[in-house]
Structures are given as structure tokens and as C-alpha cells.
Amino acid sequence: MVNCNGFTAPFYVMRDFFGALTPSVLRTGMIDEDGNMPNMKQALLSDAIGTIAGACTGTSTVTTFVESASGVEAGGRTGLTALTTGVLFLACIFIAPIAAIIPAAATSSALIYVGVLMLMGLSKIDFNDLDQMVPVSLMLIGMPISGSIGHAIGIGLISYTVMKVFGGKAKEVSILTYVISVIFLIKFFLAL
Numbered sequence: 001m002v003n004c005n006g007f008t009a010p011f012y013v014m015r016d017f018f019g020a021l022t023p024s025v026l027r028t029g030m031i032d033e034d035g036n037m038p039n040m041k042q043a044l045l046s047d048a049i050g051t052i053a054g055a056c057t058g059t060s061t062v063t064t065f066v067e068s069a070s071g072v073e074a075g076g077r078t079g080l081t082a083l084t085t086g087v088l089f090l091a092c093i094f095i096a097p098i099a100a101i102i103p104a105a106a107t108s109s110a111l112i113y114v115g116v117l118m119l120m121g122l123s124k125i126d127f128n129d130l131d132q133m134v135p136v137s138l139m140l141i142g143m144p145i146s147g148s149i150g151h152a153i154g155i156g157l158i159s160y161t162v163m164k165v166f167g168g169k170a171k172e173v174s175i176l177t178y179v180i181s182v183i184f185l186i187k188f189f190l191a192l
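Under our numbering, the first residue of the sequence shown carries the number 1, and numbering increases by one thereafter.
Incorrect hints may have been included.
[Stated by the list, open to error] Derived pair list, reagent style EDC-like, types lysine to aspartate or glutamate, alpha-carbon separation capped at 16 Å: (1) K171 with D126; (2) K124 with E172; (3) K187 with D131; (4) K169 with D131; (5) K171 with D131.
[Claimed, not checked] Using C-beta positions, here's what the derived DEER-type ranges look like: (6) I183 with I145: 16 to 22 Å; (7) L83 with I175: 29 to 35 Å; (8) L140 with F166: 20 to 26 Å; (9) A91 with L45: 27 to 33 Å; (10) R77 with T107: 36 to 42 Å; (11) S123 with P97: 36 to 42 Å; (12) V116 with T78: 26 to 32 Å; (13) R77 with L140: 18 to 24 Å; (14) G121 with P97: 33 to 39 Å; (15) A82 with G121: 34 to 40 Å; (16) G168 with V116: 35 to 41 Å.
These aren't lab readings, by the way, just hints derived from the structure by calculation. Note that CB positions come from ideal geometry on N, CA and C, so glycine has one too.
All chains should be built: construct the whole structure from the sequences, respecting the hints.
The following block contains the structure:
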């Protein structure tokens, strides 16, 4: 369990939520002078309710995604933005068969643009610190080679843990990071 501003949640919920929310908040400047996001408890609660409601109705996970940053960057700050997006998605049900005839090559440029936007997060990496640079570099290389973000995250976690252990900084690595690294090692070597 992770405690954030008085709100306790399982680690995996926090990881997915913060991985998506942090870029959105950083782009909009919605962080106070101490570097904290106001109304964090309400944001976590709404994400948790959406996740539970999605699971109960049999849909894919209803949560905050990194793509939300584009709506926030375009000026969306309230629930009206989400409502408008939902109505437009409903309208897309009727447009989807028409969109399916568009070749993948025509839409690939949009995906490349999203990838370029995701690279903006690299500006926060200290490339003078090998403990940060090596795992990030391996993740960047591993993602297109493996075709899986999950595998790239596993490679990054394993390399981060190995770098810290062999660098004499083993105490800086949390127990959870060790556990997840071992699980990824087992997955890579036994369950492939």
C-alpha cells in the first residue's frame, strides 16, 4: 500500500494513475509552489471508481491514460471535457466501420507524433547519472525491439536494480522493486 496525501491505495493503482496523471499535471502547471498536486485525493478516488465500474461492466480498464495530456494541453480542465469526449466516442461507434477502411500507413504519422510527445519526458532525466541513464536507454531500445511497453519496463527495472546493487547502493532500492525485478526475470527466462 502507498500513502499519498492521506489517501492509501495499492501500489499498482498508484503506478498506473501517476504514470498518466503526472505528464498531464506537469504540462498544465497545476502544481502548487511545493510541487504538490491539489485535490489528489479526489483525483485518486475518481480514478478508482472508474476502474471498479469498468471492471463490473466488463469493459477494458477505465482509468487515466497518458493521452489525457493532449486534452489538458488543449485547455480541458473540467468534467465537461470528459463528458464531451464521451459523447464524441459514442458518435464514433457509427463512424468506426468507415474508419476501418483507412490503411494503417495513413494513421502511422499520428502515432509517430504521439511518440515524439512522449519523448519530452526525457528532459527530466539526469543523463550524467548512470543509474538513471542506463535503464532509460535500455527501455527506449527495448520498446521497439520487443514490441511491448511491459517488456521494456521490465528491462528498465532489472537494469536499475542491477546498477544499484553492483554500484554499492543496494539500500536505495525498495523491496518492491527487488520483487518486481525478480518476477520480470522469471517471466523473461521461464515463461517466454
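Hints, verified against the model:
1. K171 with D126: Violated, at about 20 Å.
2. K124 with E172: It is violated: about 20 Å lies between the C-alpha atoms, which goes past 16 Å.
3. K187 with D131: violated, 23 Å
4. K169 with D131: holds, 10 Å
5. K171 with D131: Since the Cα atoms of K171 and D131 sit roughly 14 Å apart, the hinted pair holds (cutoff 16 Å).
6. I183 with I145: 16 to 22 Å: 21 Å Cβ-Cβ, so the 16 to 22 Å window holds.
7. L83 with I175: 29 to 35 Å: violated, 42 Å
8. L140 with F166: 20 to 26 Å: Because 22 Å falls inside the window, the suggested range holds.
9. A91 with L45: 27 to 33 Å: holds, 29 Å
10. R77 with T107: 36 to 42 Å: violated, 28 Å
11. S123 with P97: 36 to 42 Å: Distance hint for S123, P97 holds at roughly 41 Å.
12. V116 with T78: 26 to 32 Å: holds, 28 Å
13. R77 with L140: 18 to 24 Å: violated, 32 Å
14. G121 with P97: 33 to 39 Å: Holds, at about 36 Å.
15. A82 with G121: 34 to 40 Å: Because 23 Å falls outside the window, the suggested range is violated.
16. G168 with V116: 35 to 41 Å: holds, 37 Å
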